[in-house]
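Chemist: Go ahead and model the full structure; you've got the sequences and the hints to work with.
Chains A and B supply the protein sequences, listed in that same order. All residue numbers for the first sequence refer to the numbering used here, where the first residue is 1 and numbers rise by one. All residue numbers for the second sequence refer to the numbering used here, where the first residue is 420 and numbers rise by one.
Everything labelled a hint here was simulated from the structure, so no lab data went into it. Honestly, I wouldn't trust all of these hints.
Covered stretches of chain B (chain A as the covering partner; in silico rule of three or more C-beta atoms under 8 Å from a C-beta of chain A) [said to hold, decoys possible]:
#, stretch
1, 428-438
2, 442-451
3, 476-487
4, 507-513
5, 520-526
Straight-line Cα separation of at most 30 Å, DSSO-like style, residue types lysine-lysine; simulated pairs [unchecked claim]:
#, chain 1, residue 1, chain 2, residue 2
6, B, K566, A, K52
7, B, K454, B, K469
8, A, K17, A, K156
9, B, K566, B, K425
10, B, K543, B, K575
11, A, K162, B, K504
12, A, K17, B, K580
13, A, K156, B, K469
14, A, K156, B, K504
15, A, K110, A, K17
16, B, K580, A, K156
17, B, K580, A, K8
18, A, K156, B, K575
19, B, K454, A, K53
20, A, K8, B, K543
21, A, K53, A, K243
22, A, K52, A, K110
23, A, K52, A, K156
24, A, K110, A, K243
25, A, K80, A, K52
26, A, K168, A, K53
27, B, K575, A, K52
28, B, K467, A, K156
29, A, K53, B, K566
30, B, K580, A, K53
31, B, K454, A, K71
32, A, K80, B, K454
33, A, K17, A, K247
34, A, K17, B, K566
35, B, K504, B, K428
36, A, K8, A, K316
37, B, K543, B, K566
38, B, K425, A, K52
39, A, K80, B, K566
40, A, K110, A, K80
Ideal Cβ positions, reconstructed from N, Cα and C, are used throughout, including at glycine.
Chain residues, written in single-letter form:
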Amino acid sequence: MGYTITEKILLAHTDLKDIAPGQLINARVDIALGNDITAPIAIREFRAAGGKKVFNREKIALVLDHFTPNKDISSAQQCKAVREFAVEQGIVHFYEGGQVGVEHALLPEKGIVLPGDLVIGADSHTCTYGALGAFATGVGSTDLAAAMLEGELWFKVPASIKFIIFGKLQKWVSGKDLILHIIGRIGVDGALYQAMEFTGETISSLPMADRLSMANMAIEAGAKNGIFPPDEITAEYVKPRAKRPCKFYSSDPDAVYAEVMEIDASKLEPQVAFPHLPSNVRGISDVGQVRIDQSLIGSCTNGRIEDLRVAAQILKSRKAAPHVRLIVVPATPLIYRQALEEGLLDIFMEAQAIISPPSCGACLGGHLGILAEGERAVATTNRNFVGRMGHPQSEVYLASPAVAAASAVLGRLASPDEL
Amino acid sequence: MIFRGKVWKFGDNIDTDAIIPARYLNTSDPAELAKHCMEDADPAFMSKMKPGDIIIGGENFGCGSSREHAPIAIKAAGISCVGAKSFARIFYRNSFNMGLPIFESRLLVDAISQGDEIEIDSVKGAITVCGSGEVFAISPIPPFMEKLIADGGLMKHLARK
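Modeler: Here is the structure:
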């Protein structure tokens with residue numbers, strides 16, 4: 001019996017001879033990640049357990065990206081606690097200030113996470129790195145503390161669901177639309193405890209930015225991880241970034257799946273997830289008249305340079321509707337600079353957008369773009385739960401950068417084709 | 420362990436933003452977090468509940484963010500344990516790691532109502548609905564997890580090792 005890519009990566013990080021779904025294993029961790037919200041608890045737990053030194057200062061990433069630039073005194077205190085720990089422990093991958101980016105955009109960009117890695121992060125969207133062919137999963141702060149101490153952690157081996165996606169994507173349809181469509185079909189617990197493996201002809205030509213958007217939202221279907229078998233597109237992405245060896249794993253032809261789902265992507269139109277669940281998905285032609293107050297383009301799902309290019313293409317020589325606050329958040333300093341050099345920031349400013357520093361703030365209702373009672377936002381983010389971006393009576397509609405940009409111009413949920 | 424308390428029943432897909440909204444995550448102080456427990460699911464929850472009470476959810480309880488602040492807020496609010504038809508996996512992990520007892524039972528969740536009193540015997544693996552006397556079985560906790568809980572959570576377990 002063969003193995004899936006998820007099983008192979010997990011097995012390679014143990015001393016076991018074989019592995020099966022449902023099995024509880026201890027596995028070695030290549031990278032352990034924390035941020036300014038989750039790391040303070042992990043550090044407290046680390047010290048309470050008598051921790052003196054982290055297992056390996058090169059294998060821990062601490063990224064102060066959520067409530068930064070510090071939104072208030074409490075947030076500043078949390079960042080200070082993480083900074084002091086990072087300095088004391090000599091953490092190599094510590095990012096703050098002008099070097100900080102949204103963690104799940106930053107770590108792949110810098111080559112910190114690589115194909116074949118086992119990555120845990122005290123952030124649910126750690127599953128993003130599955131786009132590179134890594135096993136990556138979100139955990140809590142206590143798990144991060146244990147991993148920082150021991151360099152290993154317990155896991156339950158997940159069964160896998162295989163998605164075979166075929167057909168050529170239509171104009172304005174992206175990885176974001178694909179994953180929203182899938183979540184709409186299987187539900188927010190459709191892949192609970194399981195791995196989502198994405199394959200098929202649509203996937204083999206899908207750019208890395210789209211793969212990162214898709215893997216990012218695997219958690220929104222309840223999955224433990226999302227994973228793309230690495231290929232030439234992966235190799236091209238990783239080659240200029242990797243500073244250590246990495247390994248490309250692939251699923252065996254006789255690997256066992258809990259379920260196989262085939263999806264014809266050729267007829268898919270841009271998708272929008274209505275409040276208050278990411279599974280509440282409709283095609284753009286079925287959205288009706290939904291007036292919006294804010295359009296947010298950014299986040300770990302869609303704040304990459306490719307996303308900003310699509311948005312700029314639509315916003316060029318246009319302006320956001322007078323009642324819409326358009327907020328663009330380049331996810332990392334490098335993306336910010338690229339957007340500047342490519343003239344995208346000019347286009348956004350002409351469109352009367354607010355250009356935010358890299359931050360997770362607006363996506364989770366922290367700061368830099370909070371909604372008032374009754375307000376509606378279209379956002380390229382990943383969650384639209386009650387109160388996610390502000391007041392409990394505000395609403396979030398999840399969409400691609402193309403739809404968010406077109407909606408900003410027209411002041412309502414809209415397809416770029418309407419412009 | 421035996422827990423007996425009044426049931427506060429919630430629906431499917433109670434997410435961690437509803438359990439503890441991100442706007443309160445600029446602290447990890449359990450007492451502060453407890454003040455806002457379940458706020459976006461039921462704004463009056465903290466004024467109604469009593470220590471020892473039990474939260475019952477539907478499918479996929481605790482979905483969304485990995486924030487450990489969610490089980491911390493529930494535990495610090497005085498909730499003795501959480502039951503649901505199913506749990507989101509990170510919340511499930513976090514609860515064990517924090518020492519917040521949780522259990523899964525689809526039959527029980529369908530059979531009980533808001534305000535019922537239930538008794539959970541985690542050793543026997545049985546839940547009794549006090550009013551009707553009806554008993555529901557829950558899966559036993561595996562031995563290694565029992566040890567982890569007995570040691571007081573993951574980190575105390577590691578410290579002991």
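Chemist: All hints are to be evaluated individually against the structure, with a verdict given for each.
Modeler: A quick look at each hint next to the structure:
Counting residues of the stretch 428-438 of chain B whose C-beta sits closer than 8 Å to any C-beta of chain A gives 4, which meets the bar of three, so the coverage hint holds. With 5 residues bearing a CB less than 8 Å from a CB of chain A, the stretch 442-451 of chain B meets the requirement of three and the coverage assertion stands. Interface restraint, the stretch 476-487 of chain B with chain A: holds (8 residues with C-beta to C-beta distance below 8 Å; minimum three). Here the stretch 507-513 of chain B counts 5 residues with a CB under 8 Å from a CB of chain A, which clears the bar of 3, and the coverage holds.
Counting residues of the stretch 520-526 of chain B whose beta carbon lies closer than 8 Å to any beta carbon of chain A gives 0, which falls below the threshold of three, so the coverage claim is violated. Restraint check for B/K566 and A/K52: satisfied, since their Cα atoms lie roughly 24 Å apart, inside the 30 Å limit. Distance restraint check for B/K454 and B/K469: the Cα-Cα separation of roughly 13 Å lies within the 30 Å cut-off, and the hinted pair is therefore satisfied. Distance restraint check for A/K17 and A/K156: the Cα-Cα separation of roughly 16 Å lies within the 30 Å cut-off, and the hinted pair is therefore satisfied.
For the proposed pair B/K566 and B/K425, the alpha carbon gap of about 28 Å is at most 30 Å, so the pair holds. A distance of roughly 25 Å separates the Cα atoms of B/K543 and B/K575; the hinted pair therefore holds under the 30 Å criterion. For the proposed pair A/K162 and B/K504, the alpha carbon gap of about 25 Å is at most 30 Å, so the pair holds. A threshold of 30 Å between alpha carbons decides the hint, and for A/K17 with B/K580 the separation of about 25 Å falls inside it, so the pair holds.
For the hint linking A/K156 to B/K469, the alpha-carbon distance of about 35 Å lies beyond 30 Å, and the restraint is violated. Distance check on the hinted pair: A/K156 and B/K504 sit about 20 Å apart at the alpha-carbon level, within 30 Å; holds. With a C-alpha separation of about 33 Å, the suggested pairing of A/K110 with A/K17 is violated against the 30 Å cut-off. Restraint check for B/K580 and A/K156: the C-alpha separation of about 21 Å stays at or below 30 Å, so the hint holds.
Restraint check: the Cα-Cα separation between B/K580 and A/K8 comes to about 29 Å, which is no more than 30 Å; the hinted pair holds. Taking the CA atoms of A/K156 and B/K575, the gap is about 21 Å. The hint holds against a cut of 30 Å. Distance hint between B/K454 and A/K53 is unfulfilled; the C-alpha atoms sit about 34 Å from each other, more than 30 Å. For a cut-off of 30 Å, the pair hint linking A/K8 to B/K543 is broken: about 37 Å separates their Cα positions.
A threshold of 30 Å between alpha carbons decides the hint, and for A/K53 with A/K243 the separation of about 24 Å falls inside it, so the pair holds. Taking the CA atoms of A/K52 and A/K110, the gap is about 28 Å. The hint holds against a cut of 30 Å. Taking the CA atoms of A/K52 and A/K156, the gap is near 28 Å; set against the 30 Å cutoff, the hint holds. Distance check on the hinted pair: A/K110 and A/K243 sit about 9 Å apart at the alpha-carbon level, within 30 Å; holds.
As the CA atoms of A/K80 and A/K52 are separated by approximately 19 Å, the hinted pair is consistent with the 30 Å bound. The suggested pairing of A/K168 with A/K53 is violated, with an alpha-carbon distance near 51 Å, which exceeds 30 Å. Of the pairs offered as hints, the one joining B/K575 and A/K52 holds, with about 15 Å between alpha carbons and a cut-off of 30 Å not exceeded. A hinted pair counts as satisfied when its Cα atoms are at most 30 Å apart, and B/K467 with A/K156 does not qualify at roughly 37 Å.
A hinted pair counts as satisfied when its Cα atoms are at most 30 Å apart, and A/K53 with B/K566 qualifies at roughly 25 Å. Pair hint B/K580 plus A/K53 holds up; C-alpha atoms about 16 Å apart against a cutoff of 30 Å. For the hint pairing B/K454 with A/K71, the CA-to-CA distance comes to about 21 Å; that is within 30 Å, so the pair holds. Restraint check: the Cα-Cα separation between A/K80 and B/K454 comes to about 25 Å, which is no more than 30 Å; the hinted pair holds.
Distance check on the hinted pair: A/K17 and A/K247 sit about 19 Å apart at the alpha-carbon level, within 30 Å; holds. Taking the CA atoms of A/K17 and B/K566, the gap is near 26 Å; set against the 30 Å cutoff, the hint holds. Only pairs whose Cα atoms come within 30 Å are accepted, and B/K504 paired with B/K428 is accepted, the gap being roughly 12 Å. Proximity of A/K8 to A/K316 is assessed by CA-CA distance (about 46 Å); at most 30 Å being required, the pair is judged violated.
Under the criterion of a C-alpha separation no larger than 30 Å, the hint pairing B/K543 with B/K566 is consistent with the structure, at around 16 Å. A hinted pair counts as satisfied when its Cα atoms are at most 30 Å apart, and B/K425 with A/K52 does not qualify at roughly 43 Å. Of the pairs offered as hints, the one joining A/K80 and B/K566 is violated, with about 35 Å between alpha carbons and a cut-off of 30 Å exceeded. Our distance criterion of 30 Å between C-alpha atoms is met by A/K110 and A/K80, whose separation comes to about 24 Å.
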